[in-house]
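Student: Please model the entire structure based on the sequences and the hints provided.
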Amino acid sequence: MRLGLILGEAFQGLRRNASMVVSVVLVTFISLTFVGVAILLQGQIGQMKAYWYDRAQVAINFCSAIDQTGNCLQAAATDADVAAVEAKLAEESVARYIERTEYDPPAQVLAQAQEFYADNPIGGLLTEEFIGGILNVTLYDPSNADVVIESVSAFAGVQSVDDRREYLEPIFSMLNAASAAAIGVAALMLVAAVLLIATTIRLSAFSRRRELGIMRLVGASNRLIETPFILEGVIAALIGSVLASGALAVIVEFWVKRELGGVLGGGGLLIGLGDALLVAPILIGIGVVLAALSASVAIKRYLKV
Amino acid sequence: MIRFENVSKSYPGTTRPALGDVSLEIGKGEFVFLIGASGSGKSSLLRLILKEERPNAGQIHVLGKKLSAMPSRKVPYFRRNLGVVFQDFRLLPNKSVYDNVAFTLQVIGKSRGFIQEAVPDALKMVGLAGKSGRMPHELSGGEQQRVAIARAVVNKPAILLADEPTGNLDPETAQGIMALLERINLGGTTVVMATHAADVVDRMQRRVVELMTGRIVRDERGGAYVTQAVPTIQTSQMAQTPPSGAVSPGASA
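Protein chains in written order, with the working numbering: chain A, -9 to 295; chain B, 572 to 824.
Heads up, a few of these hints could be off.
Distance condition first, Cα-Cα at most 25 Å in a straight line; then the derived DSS-like pairs of lysine-lysine [said to hold, decoys possible]:
hint, chain 1, residue 1, chain 2, residue 2
1, A, K290, B, K645
2, A, K290, B, K622
3, B, K636, B, K681
4, A, K294, B, K637
These aren't lab readings, by the way, just hints derived from the structure by calculation.
Tutor: Right, here's the structure in full:
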C-alpha cells in the first residue's frame, strides 16, 4: 500500500517534470560516459602494460652478418658472444633484477619477422644474414632496465640493447592524458548533474507544495514525504547511467574492437566487452548514489524552509 | 488537553510579539472560540498547538506531551492526533472527494480495508455520502469545507483546530458547518476555532477566548462575540503590562 503510494507519487513527479527529468537523464548520461571512458582508458593502459611487460622488457640485439652499427664488425655474433652476455646476466649483481631470459636464435627471429611481414614484399627479401639473434630479458621491475643496458652494451657481438618501454611510454602518457581529460570533463559534468538534480527536485516539490502541505499537516512521516522525491532523482539518474553503460559497450564493441582491433590486432592487447560490463555497475552505482544524495539534501532543505 | 504556560512568540524582524505571555488551559471535550482582530495572535496560537512554530518562551503541553521536548521526527506522529480545517479548504484539486479524504489515511499508512470503511463513514457524517466521486471544483464552498472537515476527522483526532472555517461562506452555509462542528464536539473531540464571525459565536454560547495584540484579554464561558460580562483575566497582569493602545476589555461593554 505505502510502497504503491510512494512509487505512484514518484512517477507522478517524473511525469509532471518531464522536461527537467530528460535533462537530468542526458546530463548524467554524458557525465557518466566520460567517467566510464576514463576508467576504461586506465584499464586499457593496464592491459597494454601487462601485455608488453609480460613479454621482454629489454631486448639484447646481437649482430647480423652485415651489421656495422654498435659493436658489430660485419660479422654475425658467435655462440661465444651470446654465452658471454648470458654469463654476465647470470652474475649476482645483475641476476637479482632478472626474472628470466630467453634467447631467440637468428632462424627463429627470421621466422617471426617473415610471419609479421607476411603480406609485405619485404618478407620475401629477408634472409638470415640480415638478422641477428635476440636475447629477451624479463625484469621483475621494468624500471631497472638501465642495469641490464649498462652491464652488457659494451660486449662484443652486441648490436644494441633496447628498453622496449621507451617505445611504449609515449603511448601510455598519451592514454594517461586522455584519461585525465576525461576525468576532468566527467567531474565538471557530474557537478552539473548534481546541481541539476537538486534543482529538479526543488521544482518538483514546489509543483506539489499543496500535497506536501497537507501531508505534513495530517502527520505523514518525513520519510514518506521525502522518499518519492529521492526516488524521482534516482530513477532519472538510473536511466542516465544505464544509457552511459550502453554507450560504453557500443564504444568498446564497435570502435575499440572493430576499428582499433583491426589495426593493432586483438589477442589480449585491447580491452573487451567484458571490461565495459565490469564498469557498468560502477557507473550505475555512482549515478544512483550521487542522485540520492543530492535529491535528499535538496528535498530536506526545501521542506525545512 | 492543551495547556499554554506563559507562552511568548515573536517573529524575526518584528518588535511586537505575536503572542505575549499567554497562559491558557483547554480541557477535554471543550468547544473554544478564539476571537480577536486580524493580527491579534489567533493563527499563531493554532500554529503553536500544531508545533508548526516553536515559542520563544514558555511551555506548551498538548495531549499530555511537552512540545518543546518533542524531537522533530516525532512531530508527524503527534499531528496524527490533531485535525485541522482552514478558511480556504485546502483540498487537492486533482483528487475526488473520496480520494481527498482517503489521502490522509494513505499517507499515515492505514490499511486499504480501514480506508474503505473509514472514508465513507466520514463522508456520511458530514453529509456528503452521495458525492464521493465528485471533484472539488464541482462542489459549493460549503460542500468543499465539509470535505475538508471529513478529512480532518476521518482519523478520529482528539483535537480539531479550525482557522476561520466559515470565513469564506455565507451565513446560512456557515450555520450548517457550525452544526457539524458541534456534532463532532459532542462526539468527544475538543474543538478550537478561530473566527471573526460574531453571529456564530453569539449563537453557540460557548467558551470565548479573546486575544488582543497577542494577549488574552477575555476568557469567558458561555460568552458572546462582544462581552457583557466582567472580564475573567488576571487584573494584576493587565496592570503590570497593559498592551500598548489596547482598550480595557470591559470598556467596550
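Student: Hint by hint, say whether it matches the structure.
Tutor: So, going through the hints one by one against the coordinates:
1. K290(A) / K645(B): Given pair K290(A), K645(B) holds - Cα atoms ~16 Å apart, limit 25 Å.
2. K290(A) / K622(B): holds (18 Å)
3. K636(B) / K681(B): holds (24 Å)
4. K294(A) / K637(B): holds (22 Å)
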